[in-house]
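Participant: Listed below, chain by chain, are the residues.
Number of protein chains: 2
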Amino acid sequence: MFGVTILGNNSAIPAYDRHPTSQVVTLNDQLFLLDCGEGTQMQIARYKIRRSKIHHIFISHLHGDHYFGLIGLVTSMGLLGRETELHIYAPAALKDIIDLQLKVAVTTLPFPLVFHPLEKEGVIIDTPKFRVECFDTCHRIPCWGFIIREKRKPRKIHKEKVLEYEIPSVFYDRLKDGYDYENKQGGVIKNELVTFANKPARSYAFCADTIYDISIAEKTKDATVLYHETTYLKDLEERAAARFHSTSAQAADIALRAGVQRLLIGHFSSKYESLDAFLSEAQEVFPNTDLAIEGVTFRI
Amino acid sequence: MFGVTILGNNSAIPAYDRHPTSQVVTLNDQLFLLDCGEGTQMQIARYKIRRSKIHHIFISHLHGDHYFGLIGLVTSMGLLGRETELHIYAPAALKDIIDLQLKVAVTTLPFPLVFHPLEKEGVIIDTPKFRVECFDTCHRIPCWGFIIREKRKPRKIHKEKVLEYEIPSVFYDRLKDGYDYENKQGGVIKNELVTFANKPARSYAFCADTIYDISIAEKTKDATVLYHETTYLKDLEERAAARFHSTSAQAADIALRAGVQRLLIGHFSSKYESLDAFLSEAQEVFPNTDLAIEGVTFRI
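Top line first, the protein sequences correspond to chains V and B.
For the first sequence, my numbering begins at 1 and goes up steadily by one.
For the second sequence, my numbering begins at 1001 and goes up steadily by one.
Since the hints were made in silico from the structure, they are not lab data.
Backbone N, C-alpha and C fix where the C-beta goes; we use that ideal spot for every residue, glycine too.
There could be a bad hint or two in this list.
Stated by the list, open to error - When the alpha-carbon atoms are kept at most 30 Å apart in a straight line, the in silico DSS-like pairs for lysine-lysine are as follows:
hint: 1; chain 1: V; residue 1: K271; chain 2: V; residue 2: K53
hint: 2; chain 1: B; residue 1: K1048; chain 2: V; residue 2: K48
hint: 3; chain 1: B; residue 1: K1271; chain 2: V; residue 2: K103
hint: 4; chain 1: V; residue 1: K271; chain 2: B; residue 2: K1053
hint: 5; chain 1: B; residue 1: K1221; chain 2: B; residue 2: K1234
hint: 6; chain 1: B; residue 1: K1103; chain 2: V; residue 2: K271
hint: 7; chain 1: B; residue 1: K1103; chain 2: V; residue 2: K103
hint: 8; chain 1: B; residue 1: K1103; chain 2: V; residue 2: K120
hint: 9; chain 1: B; residue 1: K1271; chain 2: V; residue 2: K48
hint: 10; chain 1: B; residue 1: K1153; chain 2: B; residue 2: K1053
hint: 11; chain 1: B; residue 1: K1199; chain 2: B; residue 2: K1129
hint: 12; chain 1: V; residue 1: K103; chain 2: B; residue 2: K1095
hint: 13; chain 1: V; residue 1: K271; chain 2: B; residue 2: K1048
hint: 14; chain 1: V; residue 1: K103; chain 2: B; residue 2: K1120
hint: 15; chain 1: V; residue 1: K95; chain 2: B; residue 2: K1095
hint: 16; chain 1: B; residue 1: K1103; chain 2: B; residue 2: K1053
hint: 17; chain 1: V; residue 1: K95; chain 2: B; residue 2: K1053
hint: 18; chain 1: B; residue 1: K1120; chain 2: V; residue 2: K53
hint: 19; chain 1: B; residue 1: K1219; chain 2: B; residue 2: K1120
As the list claims (entries may be wrong) - Derived list of chain B stretches under chain V, where covered just means 3 residues or more per stretch with a C-beta under 8 Å from a C-beta of chain V:
hint: 20; stretch: 1007-1017
hint: 21; stretch: 1030-1044
hint: 22; stretch: 1080-1093
Stated by the list, open to error - Here are some of the chain B residues that sit facing chain V, going by a computed Cβ distance under 7 Å:
hint: 23; residue: L1062
hint: 24; residue: H1063
hint: 25; residue: G1064
hint: 26; residue: I1097
hint: 27; residue: I1098
hint: 28; residue: L1102
hint: 29; residue: V1104
hint: 30; residue: A1105
hint: 31; residue: V1106
So here's chain V without its partners, still in its complex pose (with noise of 0.2 Å):
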């Protein structure tokens, strides 16, 4: 399983019931959370996300709607006896908020809090499943975008196949590494005839807040799934740039360049009650595109 949920979908004032940015990323056991508006809490409680396994939270920038509800979440982890380490990525100047904010309710947390303050482009979390990068998008603050990639073996073992050349399981993953397999009789048993090619490894681009920059198309090339942010429609697009936000045409160009499989917006002005130009506007540069829905979870 590999897949967004949509937890706020709306930009800085909530409206007509849409909260402020939050989308949690589940891959195979892992759940990742992708900003925190304030209410992400009651909003993980609502869609039923089980937050005793998130153990990474990623925080684009240090605009409220963005991470207000990180300390509530943070605390309420501490109070329901949490003790396995919390991973937060983000801008530096978060710490100090947090540190501050526990400090003044005299409050120690029950588990290992480690903060990871966000400065360079680059890969900052690399383990043998997965693999998270942050990169630089351009915002009226620091702002950073993530990329969740899963890995993948480049092969699938073909179960019949090792059976009736008699492989041992202990060289699976070397046959998945794309090996031949050498028996005790000096026998070549060809990679190809025991594995098939597998599936691209798949990946998720969360673009937060942005102006329309091409460089993020550069950045976000070829991921499976990109959520870019879309503020205003296209008449806007003036105040758009002014507020270095995006509309949804911008969005779908972005998404276009970086020849991504699905685009996902949001971070709708809540100016807008209904979504439905949103979707027709980005849909017109780009078909495959789809409304973050709060509570939908999109298939990566």
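Starting from the known structure of chain V, arrange chain B on it as the hints suggest.
Facilitator: Frame of chain V, contents of chain B only:
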């Protein structure tokens, strides 16, 4: 109109669609916000509270369930273009938190935010129409209760009689204060002839988080309506004391000692889904008790 609308009635962890503490008091054309837990701005929208009418916000203490929603409300007010002053009465350290959060967002509010650090018990606002006082409660960290009192002239004008005795309207305020009227001919019109006794001024006492402490009864003596926290039921009296909280029966005991007319109870622990026992345990001691149900407005 003098009433209180409950926006959040739960303790630390939001649960069962119950929200952390927040209440809005309406006194004629004034709205006063008491505490501001996470999600208060959404609750304000949900219950159609006119946020532009809020000029005074009171924060009892710096546990997150009483203030994490403040910065979101304040910044949304700014985004909506508020220009009128907003007064915040709270423990001093809250100013450092707000200042830091505005600084990292490179945000300047378009309205004056006037911060009043709470330092000692007594009157914190005194106007011709109302007065607000704060008092210490006994909690794990410094915590304040608030009393909002309307001001009433002791007498009310008898509209027919003042016409009959030809008393000029400029003298009405002095009549309300109990003075007799002397007419041009030197005749004295006794006050009792042209006025009624007024009803006593009403008051609302908001007693935030506190351990059971009978000095609270003295501090809230004769309030029209008392809100007192009840985090636990009677069987968890020891846990309540250990965490500087109260039980329902203890809240009712304070109401009885204070001689108030009505008791509201809230700040329910998220361990309880049903609130029935809170009500019955309190009513055994103080019958005129109500649960502080969210969305309900109680007349004072």
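Participant: Take the hints in turn and mark each one as holding or not.
Facilitator: Against the structure, the hints come out as follows:
Pair hint K271 of chain V plus K53 of chain V does not hold up; C-alpha atoms about 35 Å apart against a cutoff of 30 Å. Restraint check: the Cα-Cα separation between K1048 of chain B and K48 of chain V comes to about 28 Å, which is no more than 30 Å; the hinted pair holds. For the suggested pair K1271 of chain B and K103 of chain V, the alpha carbons sit about 26 Å apart, so the restraint of at most 30 Å is met. Simply put, K271 of chain V and K1053 of chain B have alpha-carbon atoms about 21 Å apart, close enough for the 30 Å limit, and the pair holds.
For the hint pairing K1221 of chain B with K1234 of chain B, the CA-to-CA distance comes to about 24 Å; that is within 30 Å, so the pair holds. Under the criterion of a C-alpha separation no larger than 30 Å, the hint pairing K1103 of chain B with K271 of chain V is consistent with the structure, at around 26 Å. Distance restraint check for K1103 of chain B and K103 of chain V: the Cα-Cα separation of roughly 19 Å lies within the 30 Å cut-off, and the hinted pair is therefore satisfied. Taking the CA atoms of K1103 of chain B and K120 of chain V, the gap is about 22 Å. The hint holds against a cut of 30 Å.
Restraint check for K1271 of chain B and K48 of chain V: the C-alpha separation of about 17 Å stays at or below 30 Å, so the hint holds. Taking the CA atoms of K1153 of chain B and K1053 of chain B, the gap is near 25 Å; set against the 30 Å cutoff, the hint holds. Taking the CA atoms of K1199 of chain B and K1129 of chain B, the gap is near 15 Å; set against the 30 Å cutoff, the hint holds. For the hint linking K103 of chain V to K1095 of chain B, the alpha-carbon distance of about 14 Å falls within 30 Å, and the restraint holds.
For the proposed pair K271 of chain V and K1048 of chain B, the alpha carbon gap of about 17 Å is at most 30 Å, so the pair holds. Under the criterion of a C-alpha separation no larger than 30 Å, the hint pairing K103 of chain V with K1120 of chain B is consistent with the structure, at around 22 Å. Using a Cα cut-off of 30 Å, the hinted pair K95 of chain V and K1095 of chain B holds, with the two alpha carbons roughly 17 Å apart. Using a Cα cut-off of 30 Å, the hinted pair K1103 of chain B and K1053 of chain B holds, with the two alpha carbons roughly 26 Å apart.
A threshold of 30 Å between alpha carbons decides the hint, and for K95 of chain V with K1053 of chain B the separation of about 34 Å lies outside it, so the pair is violated. Restraint check for K1120 of chain B and K53 of chain V: not satisfied, since their Cα atoms lie roughly 45 Å apart, outside the 30 Å limit. For the proposed pair K1219 of chain B and K1120 of chain B, the alpha carbon gap of about 14 Å is at most 30 Å, so the pair holds. For the stretch 1007-1017 of chain B, the stated coverage by chain V is satisfied: 4 residues place a CB nearer than 8 Å to a CB of that chain, which reaches the threshold of 3.
A stretch counts as covered by a chain when three or more of its residues have a beta carbon under 8 Å from one of that chain; for the stretch 1030-1044 of chain B and chain V the count is 4, and the coverage holds. Closer than 8 Å: that is the beta-carbon criterion, and the stretch 1080-1093 of chain B has 3 residues meeting it against chain V, so the requirement of 3 holds. Annotation: L1062 of chain B was flagged as interfacial toward chain V, and the flag holds, the nearest CB pair being 4 Å apart, inside 7 Å. Checking H1063 of chain B against chain V: minimum C-beta separation of about 5 Å stays under 7 Å; hint holds.
A distance limit of 7 Å between C-beta atoms decides the matter here; for G1064 of chain B the minimum to chain V is near 5 Å, and the interface restraint holds. Interface restraint check: I1097 of chain B against chain V, minimum CB-CB distance 6 Å, threshold 7 Å, status holds. Checking I1098 of chain B against chain V: minimum C-beta separation of about 11 Å lies over 7 Å; hint violated. Restraint check, L1102 of chain B versus chain V: the minimum CB separation of about 9 Å is more than 7 Å; hint violated.
At a threshold of 7 Å, the smallest CB-CB gap from V1104 of chain B to chain V is about 4 Å, leaving the interface hint in force. Because the smallest distance between the Cβ of A1105 of chain B and any Cβ of chain V comes to about 5 Å, under 7 Å, the interface hint for this residue holds. Contact between V1106 of chain B and chain V, as hinted, is supported at the beta carbon level, the nearest pair being about 5 Å apart and thus within 7 Å.
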